[in-house]
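Protein chains in written order, with my numbering: chain A, 1 to 482; chain B, 483 to 577; chain C, 578 to 1060.
Honestly, the hints are just simulated from the structure, not real lab data. One or more of the hints may lead you astray.
As the list claims (entries may be wrong) - Estimated spans, in silico, between C-beta atoms of each pair:
#	chain 1	residue 1	chain 2	residue 2	range
1	A	R161	B	P507	49 to 57 Å
2	B	L544	C	S872	37 to 45 Å
3	B	E556	A	S352	25 to 33 Å
4	B	E539	A	G311	19 to 27 Å
Beta carbons: idealized from backbone N, C-alpha and C, even for Gly.
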Amino acid sequence: MQWEIVIGLEIHAQLTTASKIFSGSATTFGAEPNTQASLVDLGMPGTLPVLNAQAVRNAVKFGLAIDAEIGMTNVFARKNYFYPDLPKGYQTSQMDHPIVGKGYLDITLEDGTVKRVGVTRAHLEEDAGKSLHEDFHGMSGIDLNRAGTPLLEIVSEPDMRSAKEAVAYAKTIHSLVRYLGICDGNMAEGSLRCDCNVSVRPKGQTEFGTRCEIKNVNSFRFIEKAINTEVQRQIELIEDGGKVVQETRLYDPNKDETRSMRSKEEANDYRYFPCPDLLPVVLEPSFIEEVRGELPELPQQKRERFESQFGLSTYDASVLSASRELADYFEQVQQTCGDAKLAANWVMGELSSLLNKEGLEIEQSPVSAAQLGGMILRIKDNTISGKIAKMVFEALAAGEGDSADEIIEAKGLKQVTDSGAIEAMLDEVLAANAAQVEQYRASDEAKRGKMFGFFVGQAMKASKGKANPQQVNDLLRKKLEG
Amino acid sequence: MSLDRTDVEKIAHLARIALSEDDIPATTAKLSGILELIDKMQAVDTSAVAPLAHPLETTQRLRADEVTESNQREAYQAIAPATEAGLYLVPKVIE
Amino acid sequence: MHEKTLAELSQALQNKTLSSVELTQHYLKRIEQLDGSLNSYITVTAESALEQAAAADARIAAGNAGPLTGIPLAHKDLFCTQGQRTSCGSKMLDNFISPYESTVTQRFLDAGAVSLGKTNLDEFAMGSSTESSFYGPTRNPWDTDRVPGGSSGGSAAAVAGRLCVAATGTDTGGSIRQPAGFTALTGLKPTYGRVSRWGMVAYASSLDQGGPMARTAEDCALMLQVMAGFDAKDSTSVEQPVPDYSASLSDSLKGLRIGLPKEYFAAGLDAATSDAISAAVKQFQALGAEVREISLPNAELAIPAYYVIAPAEASSNLSRFDGVRFGYRCDHPADLTDLYKRSRAEGFGAEVKRRIMVGTYALSAGYYDAYYLKAQKIRRLIKNDFMAAYEQVDVILCPTSPTPAFKIGEKIDDPVSLYLTDIYTITANLAGVPGIALPAGFANGLPLGMQLLGPYFSEARLLNIAHQYQQVTDWHQRAPAGY
């Protein structure tokens, strides 16, 4: 049977604020346990929450960026359940009236096609603490530093049809929140966490199959693997005559499998109700306009501009606009050298593979945008050839000089364009290969084509790559034919 | 609305309150009595009425995003039942 | 000394005819002698009280004292006081030394008031008789076989027994006004949001409000002046200027329109209380007020709605008591669930557990609409009743409870009959309006209470009306025999 995969994601983005959503505790990552847990965060009797304005602003920014309805009156509710990392016995979240309503995101797939994914809602809530499972005499340790960190939970429609689409969506969200400056996107530190709702149905069926929720998948690679593993499990289960049970599952990357989370298995009855300690949040239209004015150019707008302004392909434009830092780098290279296509080729080619190999982010690139742009200028004015440029680039990366010009000068890589000099060099090459020259002259057109390459190779070798290749070609042809 | 034993056991579990076998009949009877009192609400038609969560119907004030709290772990953990290495200890959490 | 009111003692302290240390010692001695039978205090903080008194005397000598400087007060043990046990009348918090100070008690500290200690209450303020406290019942100084009302019964008994000058209380469904009525005190529940709830351990967040309990309206005005005001730490605190509550006490009542809700004078009301209110009506008329009948048509729905909303909020508010970060923890928990279930079963008393369970049920899947949402809708109907009434009248006059103080143990096994005693007080909490309770007479030696309810932020007017009444009556001047 042909199966269709249906995926919806719930992404929790930690909002970048100095203090927590309902208290004045710091949100810094990695502090000593419980040193950033205040009276409010600990749920001390008699304490009360007061909402952080920056969390609200960040959420609205996101809403505007996905063209969503903004909840002009949004309401906090309590989600009640007992867990040691949840100090008050309830999580303050939003239920019926979230701050961000329906919106959408356009994602670019690997083949360059663009797909629109619906965002059902995004709501503000507080994060929980952490349970540490190291053994304290058979006990667990609870660190509440993270409790109360502001989260934006972004819920998608079940619009994705493959693990790759899910990853593309997650990457798009990741890129967007970083563009907006509302989340640092650091997945290793849990700043962006993903729950995947996965189900399968026979192709052509309209109603959804029973879904499972895979909790807390914390890298793009694991999102893809976890979904594929879970899809496989569900299909095998159904094909063996079984039934998928709606449940929460955990992905184990070591075993590459998902397993049921028994602790969450009990029939959950969260008893949501409006939080009586917080009043409805009412947003003024003037505030919305103020936030709209603060929005930076967004990835999609940037991509479209790269296409129209620079004539880049959709794929190139979307790769280069995926992160604000990469896009800024590219634009700086482009401005320095005045050639968008060459700039794009070098950023996506040599530079990307260098960064990949070294495991570096674009901000840490050993070759600055000014250096790369300066080097491309030398390609354009024929000072160096593309081949020599690769050598210059490597030298820049190795820190052998401050600029391409300096390296070209120091290493004597300047291209030879003096036709007299080239002719002299060619004469030497032809004299040294007199037998081949005779052979060439005796051959027909087809054979000559192949042999011509041999002479070019010899000539470039003799010039140590510095002779202008076009001139070498032209002059060589003239001499051989002559 | 009168409750039965299963209802009471379920509620007690949701509320994380241990109920002994001996407590169940009396608890069931008393809770049923309270629900009977509460059920008098059902006599009035409220279909056209909007719920009221806060008496004054004012709106939420927002706090400036500033760190105002400093580390008070020692003071706060002085009243905790069990701590070690700055952590609150609980029976093993199984996920 | 203890015969004097707060206003009189304040004068004596300012005139230096009396020192705060003398006064504080006097009250500490009375507590030692008399509280054994009343059990109005859970904790007496003699040492810090005397330090505060000495500091107050110095402040008076330095000439920067306020009206409350040096006055020995007591606080309901629901207000967190730093470095002191804040028990909420519960075994759950018997070992809870608060790491911080509530806004209300901080304001009294800033005003230079002396705190004698923390008063008894129904566990977590859930009750109407102060019998459900882990520390045993408090007794009514007017008849020690009877309850002082609740949940602020410890504060009521302490003020009525002259074991402090005045006290703080909290009122979620009548917990200031009903005990004031049972003990011949004046007690005020302010408008919701007028007094900060920071550090006041929550029972039902949308209903709870702290307020003063004292012998006279004049004293309540002085107390409220300290308590009231905006607090950035409480989102439900209201940013409204605080008027000078003492300034308008002497205003005339000429032209005041008083409404008597007909629903509150129907069957079930004790005859003596009814007569006392009729007599009070005549007094108010003599003072220039016009009295007319009004209607609060949905009043009878208040008790059912309250006993959904308050327990629902409580069930969530009290989830933090889980034996992990503070408070009682059971011995040798087998696992996490056992830790929760036994800590809560052993740490909470019967009434608290009942309300948590009722609230849990009212919010649970399948019952939310029929119970919680329905109750919130009725809450709006009740608020609308008040708003309509205040179109016709300035204030509403009614009893504080259907009967005078009942006997200890009389209703303890019948929660529903206890709930019904809140019938006249609960509506003000649901609507969030202020109310002041004051003595209106006596029957068989027991105080009879009445209350005046006003529109939002009408505290100054309510204090003025009560004060004017107290200028022409002497119920508030009577003291229980032996105190």
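For each hint, the structure was consulted:
1. R161(A) / P507(B): 49 to 57 Å: holds (55 Å)
2. L544(B) / S872(C): 37 to 45 Å: holds (41 Å)
3. E556(B) / S352(A): 25 to 33 Å: Violated, since E556(B) and S352(A) (Cβ atoms, about 50 Å apart) do not stay within the stated range.
4. E539(B) / G311(A): 19 to 27 Å: Violated, since E539(B) and G311(A) (Cβ atoms, about 57 Å apart) do not stay within the stated range.
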